[in-house]
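A.B. asks: Chain residues, written in single-letter form:
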Amino acid sequence: MSGHSEPIRQAVKEGRIQGQHSVNTWLSLLGELDRYKVERDSLRHRCSKLAGRALFVLSLMGTATYLIWLFSQHRHIHPAILVAAYALDLVLAGMIIFGTVGYIWLRGKVVINDFSLLLIPALKMIKDDLKPGSLIKLKLDLRGPVKEKILRERKLPPGDYVKLTETIYSDRWLEMEAVLVKGHRLIFRITNKYLKYKSTRRNPRGKFKFKTKWKKIVTVTGSIRPNAQRLQIDPVKLQDSKISGKTKFKSKKGGSCRLSRKYKFKPNAIADSMTVTPKELIGLSLNLCSFLSPSAPGK
Amino acid sequence: MKDFSKLSCRTKKGLLFLRDCAEIASAWCGRCGRPICSRHQMMVESLLACPECAAALEKEEPQDSEYTTGWEDVREEVYDRLADTPQAAEYTTQERNRLYVEFGYIPFFYGSHHYYSDSDFQTFDNRFIEHDPKDGPILAQAGQTAKDDTGDELES
Chain D
27 MSGHSEPIRQ AVKEGRIQGQ HSVNTWLSLL GELDRYKVER DSLRHRCSKL AGRALFVLSL
87 MGTATYLIWL FSQHRHIHPA ILVAAYALDL VLAGMIIFGT VGYIWLRGKV VINDFSLLLI
147 PALKMIKDDL KPGSLIKLKL DLRGPVKEKI LRERKLPPGD YVKLTETIYS DRWLEMEAVL
207 VKGHRLIFRI TNKYLKYKST RRNPRGKFKF KTKWKKIVTV TGSIRPNAQR LQIDPVKLQD
267 SKISGKTKFK SKKGGSCRLS RKYKFKPNAI ADSMTVTPKE LIGLSLNLCS FLSPSAPGK
Chain R
649 MKDFSKLSCR TKKGLLFLRD CAEIASAWCG RCGRPICSRH QMMVESLLAC PECAAALEKE
709 EPQDSEYTTG WEDVREEVYD RLADTPQAAE YTTQERNRLY VEFGYIPFFY GSHHYYSDSD
769 FQTFDNRFIE HDPKDGPILA QAGQTAKDDT GDELES
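Quick note, the sequences are listed as chains D and R, same order.
For the first sequence, the working numbering assigns the number 27 to the initial residue and increments by one for each residue that follows.
For the second sequence, the working numbering assigns the number 649 to the initial residue and increments by one for each residue that follows.
Just to be clear, a hint being listed does not mean it is correct.
Residues from chain D shown here face chain R by an in silico Cβ test under 7 Å; the list is partial [what the hints assert, rightly or not]:
hint	residue
1	40
2	151
3	223
4	311
5	312
Keep in mind the hints are simulated off the structure, nothing from the lab.
Positions of the beta carbon are idealized from the N, C-alpha and C atoms, including for glycine.
Pulled out of the complex, with its shape left as it was, chain D reads as follows:
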């Protein structure tokens, strides 16, 4: 953490980052955040590995210590051997505690991966379309599905289960506004909706078993507000457009238009890799721009 800049430390602490910066500054900040995430994930992995290995060795060492103790009850052994065995057990127990606490602590500092899979490549691709010297307004919430974002929590008819609970999280993690060349504006909003199903069932032995399933619905909304002096929404092109049925179009006042599309991910949708690809985002931008045509002269 010491090697990271102040905005990144703040972003990790709060789970949010927002502001107006140039594309290069954003790419550098997000790149740093991405590196931080990779470091943290690797550290978390190492903590869990340490705890797991220490547990395995302790199980062997504990047995050995018990045997040594039993042996010492009947025969004389040097007390240093027993002390050394106890000390080793204590060290191993300390390693387990350290690894577990470290894992839990680092898990609390997790930031969602969507920005590095989606936003960074997309920014790189539209970098040359941005107005030189313009700033990108960006608001990122990287906390993922946390308590504050719970939209609804309810019990469902259990069916074969003992208990079935559905929790819905609504997470608008990205809001972006960029000024393109000639003053056109491109706006993106991405909302992740997480559906968490927690079920409890009883197995034939009478034990209670718990299972959690996640679904993720990503809604991408892109708007373009063209510079009216140069471009306008062309009704003919709108009619001829070949956008898929899954994409919703809305024309707005002031000559702008909006496209939105939902993407569903399941199962194990909480996994880091489950998000919209940059290609989809760029494709949406291309669809939006394809509705435009040059404004009538003198407008």
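On the provided structure of chain D, position chain R as indicated by the hints.
C.D. replies: This is chain R only, laid out in the frame that chain D set:
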């Protein structure tokens, strides 16, 4: 020796809206003849080419596995490694052309050159060019029919 000091690079940059690169040129493309800056010079089959011609030449040949890994791999594996190199420019051009085909997009062009490529065929034809008195350059989109002063469509 040709003097490049007054020429700007005519390679197109951008994705949604194409523009001239406008860096100072230092060579000519051996295929289309446009002036190109040092960042956009590529050697393809011992020919100095612009990224667009290089992408077109690559398309004619079996592609290198590095360039066919798909968009998802752009993130670290390809794009970062090639950032700000001629290879990155060529890769971007290839990707750009693929996206235009896939999404049926015909790009707008804010520029000033007349070098033909698959995605800016309007630059072939002056009728598609709208001169802007303030910015000088051009605003046009392929597929649109230019109109004369009376609003009637011009003949091909």
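A.B. asks: If a hint holds in the structure, say so; if it does not, say that too.
C.D. replies: Hints versus structure:
1. 40: violated (25 Å)
2. 151: Cβ of residue 151/D sits 6 Å from chain R, so the hint holds.
3. 223: violated (28 Å)
4. 311: holds (6 Å)
5. 312: holds (4 Å)
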